[in-house]
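Asker: Given next are the chains, with one letter for each unit.
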Amino acid sequence: MSAVETLVDAADETLLAVEGVTLSFGGVQAIKDVSFDIKKGEIRAIIGPNGAGKTSMLNVINGFYHPQHGKITFKGKTREDMRPHVAATQGISRTFQNVALFRGMSTLDNIMTGRTLKMTTGLFWHLFRYGPAEKEELEHREFVERIIDFLEIQHIRKTPVGRLPYGLQKRVELGRALAAQPDLLLLDEPMAGMNLEEKEDMSRFVIDVNDQFGTTIALIEHDMGVVMDLSNRVVVLDHGEKIADGTPDEVKSNQDVIDAYLGVAH
Amino acid sequence: MATEAALGAGEDTFPKLLLRNAVKFADRPAIREKDLGIWQTWTWSQVLDEVRAFAVGLSSLGIKAGDKVAIVGDNRPRLYWTMCAAQSLGAVPIPVYQDSVAAEMKFVLEHAGATCAVVENQEQVDKILEIRESYKAIKTIVYDEDRGLKNYNVKGLYSFEEVQAKGRAALSDGAEAIWHEQIARGQPADTAIILYTSGTTGQPKGVVLTMENTLWAARVANRFDSLTENEETIAYLPMAWVGDHIFSYAQSYECGYCVNCPESPETVVDDRREIGTTYAFAPPRVYENLITLTMVRMEDAAKIKRKMFDYFLALANRVGEKILNGEPVGIKDRLLYALGDFMVYAPIKNRFGLSKVRVGYTAGEAIGPEIFRFYRSLGINLKQLYGQTEAAVYITNQPDGEIYADTVGAPLEGIEVKVDDSGEVLYRSPGVFKEYYKNSKATRETKTKDGWVHSGDAGFIDDRGHLKIIDRAKDVGHLKDGTLFPPKYIENKLKFFPNIKEVVAIGDGRDYVACMVNIDLTAVGSWAERNNVVYASYQELAAHPDVYKMVEGHVAEVNRELAAEERVAGAQIQRFLVLHKELDADDGEITRTAKVRRSFVEERYKPLIDALFDRRKSSQHIKTEVTFEDGRKGAIEGDVEIRDMTPEPVAGTNRIAAE
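Quick mapping for you: the protein sequence lines, in order, are chains A and B.
Taken in order, the first sequence gives residues 2 to 267; the numbers are from the numbering used here.
Taken in order, the second sequence gives residues 146 to 804; the numbers are from the numbering used here.
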């Protein structure tokens, strides 16, 4: 995988810091004064019951929502107001809770779209697929083929994604996110609705992405087994507030977390 | 490189053949692999370069003559090169089934005494490391694909490139001459490979094949079908299976044809189409799947297309095989067939990836005659062969122009086949294995002093000189009056009807043959839908008079076929019933690989079986306990009807069997 940048183990370097973020929609406070950080090279899980604000948090990191208070620092740069495509150029890519692929396009083309931001030649050349544009496309195609090989989806390379089973669509979506060579990969419930075998496959890919490419991963997941096995550190949200933060074992034994998940008699 | 030709003199081992091919077919493709969506080709001279570097690298890691090198993984060029590299050092390659779990693999590795393992990827490395905890003899592990292995810090673990780099470094210091000397020392009697038979009963046995055995088999097969260096084949069957070893390694080295490794096991169909194989080999189920795929898609096609498809398939069914066999066919049919080829047959063959196929083989188990004829009628020269690991595959092949769906062909040149008094097939040839590794007892039981090998299969040679296999010898029984009773042969005949899923034939030590039939819910269900047959459950459908009538028709058809074969004519089915429930692995009635557990079933359905052999009874009440998928227990209860059949008159009872 020479074409892929591998990050050196940088033990404690903070990649992303979220400080005192508050997000509200009208009177509803989705996130209340939440702070946590994501270290370079780790797998960080964000968990919590339904409506805890997990996806909102991801959307904030992603630049899709703009928090009213607080600041976000990515790769040492604190940002104010940011658009998602700027986040993407900076090195954040994501997958969605509900698969958001171009259903009529093939697996290959879908993953190719993940390379868009890396394209440098202009529209003119691409119209004729000539000269530098052709050369560039070949380079990108090679990169995409490496991802296809990595995710073991060679057999569906030319299949329109709309025809694929759900588990494979999720894998294609991961492929598209990887195509952007992100520094930080946000996965919104990558295993939702999967059967056990698909979950195991997906878990292996998540670990391999982290291991092989050194990509930092933030993931939202409901399956506790998956979260505990995969992640290095877990942050727990409930009703928009952070109630716990630590290693999977610490979080598992935290009383607040148990209450939030199992409910508590008042 | 000019010295290679001289040093390669003698073509009696594979490394020597490689040296020859690197000169003779220097720029011709030897092996291909699809990687990143593009076919990567290695010519014979490049293969020599790769094998040499790897062999010398292994040598520098201490692999020497007599060592055993385990090979585990899907069909990859590097794993094939490992075979030749090991052989060039006088070491013995031991391919192992890649999907076996660590415990099974451990048995093979330990039994063979492997000290080195060359494996495909992390999955296999993990298994070998697990085995190494208790079997410490494995010193060296080499992997092909580095994914996930970056952070492994294990002693004796190398990537394929690392070993080759060591080899290249040694080569520049003059190791090449030594390597050539090692190859020159190779003898035809050397062990070429040890193949472990998967073994349905007991522990696997290691079949030792010498260079002479495998090369002889390769030569005979290549001459038989006049194969040349221009063939293209696809390697997708397990490397540990003798068929793949002979087809994708021995025969390729012998005549220089190109072997193609698919991108992944799931892409074989597409890869085959892209390559356009000219020489194909597949077990029957692969051919069955291709037909099913086509038929299902045709169901969804527009009406006019379907009409065209049906018309031309009917035509092919009528005249296609005759045309392929070179028999006389009217001019009108020939013209229509040519039109059909353009409209239907050629596109189908293209989809199957069989457009360019010259010869295709099927073996392993019985193929349904309809399926077999389907391919032949499209103009695909599909043939059957009969082989065993112990024979380095080849025993009998169907020669062109003498194809009968019910036989496995005639013995190849140099092979003797005979049938002993008990009905077991024996064979003798230069390809016959040397011994079972470290198991002289089994060797003595299987191979006689003068070289005949007990095949374990029962069969006979028909008056055309073709061998017909009827069953495993140990399964063949006898009726009370001594008539031969081959259960699987009868069961398979019935199972070739799509409506019938499973059959249990009973007759050993009885007065006559009776059988229990399981209908196929998918096939019979769709038949019921089309024929307005209403049913609420499997049990109701199975007991429906129309279903019985249909099954009765199938049984009568099988009886007619049996009557035409004097050896088994006495084993016609006299009574049958349709089982009220499907035989199920959850109930322990069949194995997970869908083989009937005969004794268990006979025990469980004893009331039914007793009724089958009691002519007075025309139905029997039975209650059967069943296990549901979630583990709950329940019971199915009901009356099962038993039908009597009138046996067909036996034709030509006075003919003497041709031996």
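The set of hints was computed from the structure by calculation and includes no laboratory data.
One thing to keep in mind: the hints can contain errors.
[Unchecked claim] List time: in silico BS3-like cross-link candidates among lysine-lysine, alpha-carbon distance up to 30 angstroms:
| hint | chain 1 | residue 1 | chain 2 | residue 2 |
| --- | --- | --- | --- | --- |
| 1 | B | Lys251 | A | Lys76 |
| 2 | B | Lys179 | A | Lys159 |
| 3 | A | Lys40 | B | Lys179 |
| 4 | A | Lys119 | B | Lys579 |
| 5 | B | Lys281 | A | Lys41 |
| 6 | B | Lys579 | B | Lys592 |
| 7 | B | Lys251 | A | Lys200 |
| 8 | A | Lys159 | B | Lys448 |
Asker: Confirm or reject each hint.
Answerer: Checked hints:
no., hint, in the structure
1, B:Lys251 to A:Lys76, "49 angstroms, violated"
2, B:Lys179 to A:Lys159, "15 angstroms, holds"
3, A:Lys40 to B:Lys179, "38 angstroms, violated"
4, A:Lys119 to B:Lys579, "61 angstroms, violated"
5, B:Lys281 to A:Lys41, "39 angstroms, violated"
6, B:Lys579 to B:Lys592, "9 angstroms, holds"
7, B:Lys251 to A:Lys200, "29 angstroms, holds"
8, A:Lys159 to B:Lys448, "27 angstroms, holds"
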